[in-house]
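Below, each chain spelled out in residue letters.
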Amino acid sequence: MPFKVLIIDDEPHILIMVANRLRANGYETATALSGARGLEFALRSKPDLILLDSVMPEMPGEEVLYRIRQDGELRGIPVIMLTADVKKTAVSEFRLRGAKEVVFKPFTPEELLQTVRKVLGPAG
Amino acid sequence: MTNENPQYPQSGSGPKGGDGLFENTHDLIQLFSPDGILLDVNPSWRRVLERPDDDITQLSVFSVVHPRDHDGFRKAVADVLKGQSPRKIGITMVSQSNREIIAEGSVDLIGGHQGSKVLRCILHDITKRRKYDELKDEFVGTISHELRTPLTVVREGMAQIRDGLLGGVTPAQREVLDMVLQSIDRLGRIINDLLDVSKLESGQVHLKRTLCNMTGIAREILANFEGLASQKGIELRLEAASDVIEVYLDRDKFIQVLTNLVGNAIKFTSVGYVRISLRELEGFAECKVSDTGRGISGEDLSRVFEKFRQFGRAVGPGIGGTGLGLSICKKLIELHHGKISIDSYPLKGTSVTVLLPKYTSREIFREHIAQALNRCAEEGGTLSLIIFDIVDFETVKRTLGEGHVREIVAKIEKLMNDSLRRAADVAIRDTKALLILLPDTKKENAFIVLGRLYQLLEEFLARISPDSGIEIHSSVATFPEDARTVDDILNRIYD
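Sequence order for the protein chains is A and B.
Take the first sequence: its position 77, counted from the start at 1, is 77 in the working numbering, and no numbers get skipped.
Position in the second sequence counted from 1, then plus 1000, gives you the working numbering.
These are computed hints drawn from the structure, not numbers from a lab.
Keep in mind that the hints are not guaranteed to be accurate.
Heads up, simulated SDA-like pairs for lysine to any residue below, C-alpha to C-alpha not over 20 Å straight-line [what the hints assert, rightly or not]:
hint : chain 1 : residue 1 : chain 2 : residue 2
1    : B       : Lys1208   : A       : Glu93
2    : B       : Lys1136   : A       : Glu28
3    : A       : Lys100    : B       : Asp1418
4    : A       : Lys100    : B       : Arg1421
5    : B       : Lys1136   : A       : Val55
6    : B       : Lys1199   : A       : Ala90
7    : B       : Lys1414   : A       : Glu93
8    : B       : Lys1199   : A       : Asp85
9    : A       : Lys100    : B       : Arg1422
10   : A       : Lys100    : B       : Leu1420
11   : B       : Lys1208   : A       : Ala90
Turn these sequences into a full structure, and let the hints steer you where they fit.
This is how it looks when you write it as structure tokens:
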């Protein structure tokens, strides 16, 4: 069974790009355009990993992360934050809030895949 | 010009500032009684608060202060009346038409007629500056998100085509796509540099100075460039006066500067070497990056630190620069109160010299405490400090050797930084002491942290050198109540 990765980002093009890349490397993917939908999907289908955009309207990534960490069923799912933040402290701040890793935009395919592999291990 | 209202006797430079300042300054000046009744105001006050003809003696000073600042203002006045020296204040004022004016300034007590007390408040209107700062912060934040998101899509899309995820690619197509990706990466670097410049110029960059070994950093940086240099057939050299040259600097910022200088040197050198030389001078540490490259001509040399200056750009493809690197380096070095200068001879080579002042640990500890206090004051929290120091340091140094003690203290610093849990908590070492800053921490909680850290420290010392004889003394102080204690602690360690 391939690993199932949920990508949450309000930018549809990012969703398509990231999903393409992950599928080409053997991961199964699902996408959500908002934090609320992402949470709904996560509860329904329990992905192995969540990639989460930090800046989204309505429910920002930080709140989604908080809810994942508070939810008994979702708590164990690792989260990788995707962010355009340039602050050096961004990594430690997101980790403190419960993210496993942080990938900075714009990322290269290597950065994205390496981080996903680091968290999940190789696909399949 | 004297324009004293006879009702208020003179004190010092005069209650209203003297020399016609009261009439002509852009600052807002108000005189009021301890119960808050306005006694006199200056023309700027009337203009800004839109009360040209009001009989101000019918007004309470609180009627022009925003309600949310009433308590703070009342407290400042009470402090001044209790005989304290002038108090700084930051308040929002409200004009006749309900416009909000952000102001900062001071309240002080001036002599009153026949023993009555008169308070004077001088305020500077900073509304525009505040708005501008906010706009700039917002701009920087928006740019980073709004530019990076589409850039991510473009970069990843191109990379997917190049990598053949979407079908076969001919060698010629791949070549074009590689060029596109290089340009996108350059665009990304320009955005980063622009954000850096913007943050540096708006004073948003604060240094975190810690004790760093410059020789070690230089070695790391040269190692990172080894691949690029050997591709070009250039030799990389390090000439350090000592294996350990310790200076208080912001490690990340210094790495950024040195990486930029070495990168430039390699870029413009095709034969010969690039060298970092390090030495200690009286009160300064010197770091020089020299190359045997093509050099920069005299007229260009004076302008290399300006923004968007690029020289000697080769025709054709390659790694393009942003023209911002050296101006960022200059600003970063100036933040360290250091100097950067450049010498160059066309066709012979270039050398950039960085001079960094050496600070004593005491100065650095004070600086860290002052910065942390400023942040706490803005957010209204308390700051706690933990200080560890080695008991009878001179004896320990003699028995173990200075280098060995330094290594142990450096390891302790790392251990502490790794075990502090919040991003704002930080440990800074010198040769014999360690300062730990805990913002937003009350004294009782600081003692809990101390208990945990002290246990770690004892375990560490027992493991690393059980017979070292090192004994650690610990102290805790919390601001504002123990402000004096900090001086006492620093005196005990350093005098």
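Hints the structure violates: just list their numbers, smallest first. Hint 2 contradicted; others consistent.
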